[in-house]
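For the record, the sequence lines run as chains S and Z.
The numbers in the numbering used here rise by one with no breaks, and the one at position 322 of the first sequence is 322.
The numbers in the numbering used here rise by one with no breaks, and the one at position 206 of the second sequence is 206.
Treat the hints as calculated values from the structure; they're not laboratory data.
No copy is singled out in the list; a pair is fine if it fits within one copy or between any two copies.
List time: in silico DMTMM-like cross-link candidates among lysine to aspartate or glutamate, alpha-carbon distance up to 20 Å:
#1 K28 with D5
#2 K3 with E16
#3 K3 with E24
#4 K28 with E129
#5 K3 with E25
#6 K361 with D380
#7 K222 with E211
#8 K330 with D313
#9 K222 with D313
Since the structure is predicted, the reported quantities are computational estimates derived from the model, not experimental observations.
Number of protein chains: 2
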Amino acid sequence: MVKFDFISPTRIIFGEGTENRVGEETLKYSKKILLHYGGGSIKKTGLYDKVTRSLDKAGIEYIELPGVKPNPRLGLVKEGIRICRENNIGFILAVGGGSVIDSAKAISVGVPYEGDVWDFYSGKTLPQESLPVGVVLTIAAAGSEASKSSVITNEDGWYKRGLNVDIIRPKFAIMNPALTYTLPPYQTASGIADIIAHIMERYFTNTPNVELTDRLCEATLKTVINNAMIVMEDPCNYNARAEIMWAGTLAHNDLLGTGRVGDWASHQIEHELSAIYDIAHGAGLAIVFPAWMEYVYKHNINRFAQFAVRVWDVEYSFDSPEKTVLEGIKRTRSFFGSIGLPTTLKGAGIPGDRLEEMAAKCKMTNGDTVGQFVRLTRDDVLNILKLAQ
Amino acid sequence: MVKFDFISPTRIIFGEGTENRVGEETLKYSKKILLHYGGGSIKKTGLYDKVTRSLDKAGIEYIELPGVKPNPRLGLVKEGIRICRENNIGFILAVGGGSVIDSAKAISVGVPYEGDVWDFYSGKTLPQESLPVGVVLTIAAAGSEASKSSVITNEDGWYKRGLNVDIIRPKFAIMNPALTYTLPPYQTASGIADIIAHIMERYFTNTPNVELTDRLCEATLKTVINNAMIVMEDPCNYNARAEIMWAGTLAHNDLLGTGRVGDWASHQIEHELSAIYDIAHGAGLAIVFPAWMEYVYKHNINRFAQFAVRVWDVEYSFDSPEKTVLEGIKRTRSFFGSIGLPTTLKGAGIPGDRLEEMAAKCKMTNGDTVGQFVRLTRDDVLNILKLAQ
Chain S
1 MVKFDFISPT RIIFGEGTEN RVGEETLKYS KKILLHYGGG SIKKTGLYDK
51 VTRSLDKAGI EYIELPGVKP NPRLGLVKEG IRICRENNIG FILAVGGGSV
101 IDSAKAISVG VPYEGDVWDF YSGKTLPQES LPVGVVLTIA AAGSEASKSS
151 VITNEDGWYK RGLNVDIIRP KFAIMNPALT YTLPPYQTAS GIADIIAHIM
201 ERYFTNTPNV ELTDRLCEAT LKTVINNAMI VMEDPCNYNA RAEIMWAGTL
251 AHNDLLGTGR VGDWASHQIE HELSAIYDIA HGAGLAIVFP AWMEYVYKHN
301 INRFAQFAVR VWDVEYSFDS PEKTVLEGIK RTRSFFGSIG LPTTLKGAGI
351 PGDRLEEMAA KCKMTNGDTV GQFVRLTRDD VLNILKLAQ
Chain Z
1 MVKFDFISPT RIIFGEGTEN RVGEETLKYS KKILLHYGGG SIKKTGLYDK
51 VTRSLDKAGI EYIELPGVKP NPRLGLVKEG IRICRENNIG FILAVGGGSV
101 IDSAKAISVG VPYEGDVWDF YSGKTLPQES LPVGVVLTIA AAGSEASKSS
151 VITNEDGWYK RGLNVDIIRP KFAIMNPALT YTLPPYQTAS GIADIIAHIM
201 ERYFTNTPNV ELTDRLCEAT LKTVINNAMI VMEDPCNYNA RAEIMWAGTL
251 AHNDLLGTGR VGDWASHQIE HELSAIYDIA HGAGLAIVFP AWMEYVYKHN
301 INRFAQFAVR VWDVEYSFDS PEKTVLEGIK RTRSFFGSIG LPTTLKGAGI
351 PGDRLEEMAA KCKMTNGDTV GQFVRLTRDD VLNILKLAQ
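With the hints as extra help, turn the sequences into a complete structure.
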């Protein structure tokens, strides 16, 4: 186990009807807020009415900024910053999923900063201050409701970049699993893949002696996998939705990564996919991760075997541990396929003509390599994209 | 899963040498603090010197209040409250284990309260304010470093009572596993039993559909059990100490109890044991818990069988699930014995002549019963104490 510094102060308000508490929770921070959301889905489902009624009841004035798209854009973030400044807004309420929350976080650090908010995403500098952010969550996926991450796409060049700092962790996350009943199956499945990928990025580590977090990762993965099967069949199953929703938060609030160094290459590679093709992040991960596993598993057969045995219930082959590993990778890919996700680029309708471009743009996080479990060069990234075809 | 509201905002600063950061962390809260600790052990180990050096370096003035005993007393809490008020102290630093931290928490809510601090423990009222508390942890056991609990013993009648409120969660917990190397084996073992009991109290629930938290509980239990074997043999094994220390925090910060109703009868029964006999809390739990299990297991054979199979690797008996259950209970008791703890009252040198008194004093938490998994009457409590003889 390596040294760590961990804080996850987001208040989780979990269960049916909790969205009606949003006014009272928000009032602890400000009487004038930015209400940030995506398209019209929260109006169709009636969530918008519930949220605004609760805000009205608490006497909170809200200025609306809808229009967040999947893979949220820098342009809208800048508009949000302008609105907050002009109206002296003290709090941002994100009603939606990871994209809306990530956009709200970007606005929250942009408001008190004199420079260009993209500086925080390009790695030029780190934010020192932020407006408080609260969340009403509508999809179990990104874990942004309690995470220190925000990922924004810069339309100028279609760069997709992340920021990771504790000050952007939301103050509260209101999580009612019933709000996820109406998600289209593909979005539910993409969310599930995103959750699984967040855990796997932390699971595949070179840090020795990480028994507790290994087991916590395995526990969370097994739960998500088991309940994924249920919600794909029965989208209004409250308990299965609840298991996945809470798992989605724990998958990315960093608890599962305490004391260990995660990998994160698959995320960086996927960012290039979804920056160009605007594919759902989780679906992109369902394509990239199994290819990454095939490409790197020889680096640590034991770890991949443990994953196969403990997560996928593969019987350990004493004659050929590699056989165990390959069965684990096969089950990972099959699982993604079984919930309706593409598991190859071709399956997602992505042609093979821009693989070099994606490899060339992929953010190298340590000098000229990306990933920690195995440090991948740009050639390795290209090979993984080819394997994913 | 039932509705829940969960917040665990304590910053965890984990790893070797982290105690040297205590000055800089404390400075975020106050320049004048109460330094609260137990006996002379932190002076013998050199921890006292490191902490005071770090405080000095940060320019922090500290007034010392040593003398916290196991099962911390109300008398010292009142002295702490007086010192804080007289000296206008803004922060309490607890250097020690659960007793020191619980005492610090009691002082922290007592200072701004006009009435008797025991009001919070007797259930008369709840605290609305508190001084901030920070921790340098020296034993993995109570989980008080990030929990919302504090347990205090009132010498007037030897009542041992708990307070559970979020405002007493510490601001930070500095956790260096190496600080636990010098613990006597009996204290290490008692701490391990305490951690295991915190998880088991949450595990044995009537709440259905709690797969994620079940699995997280099992993951944490398995890790503690595996590493307990290692530290009892090799007390200076950093990694095993680290696994147990981090598990001890997660066992009681409430994460494992989210969305489920815990039992807590064994804790209430044990409080009577340790209030009268001043036995280590964990050792008392090692005696009470297996007896409780034997007394209540028929209430839910499946849950006890799952515990046996997933935690203790008992092979499930399809012919007799009860056989599986009994083997799980047997292994629980054997485990406590194997790390050097008593598993019967007699084994702890506790005579059988005051069982009725303990049953009569046991705090009934729901009207005239205690516990949630099975609601125990005073007669049940007496029967469990008799089983524990």
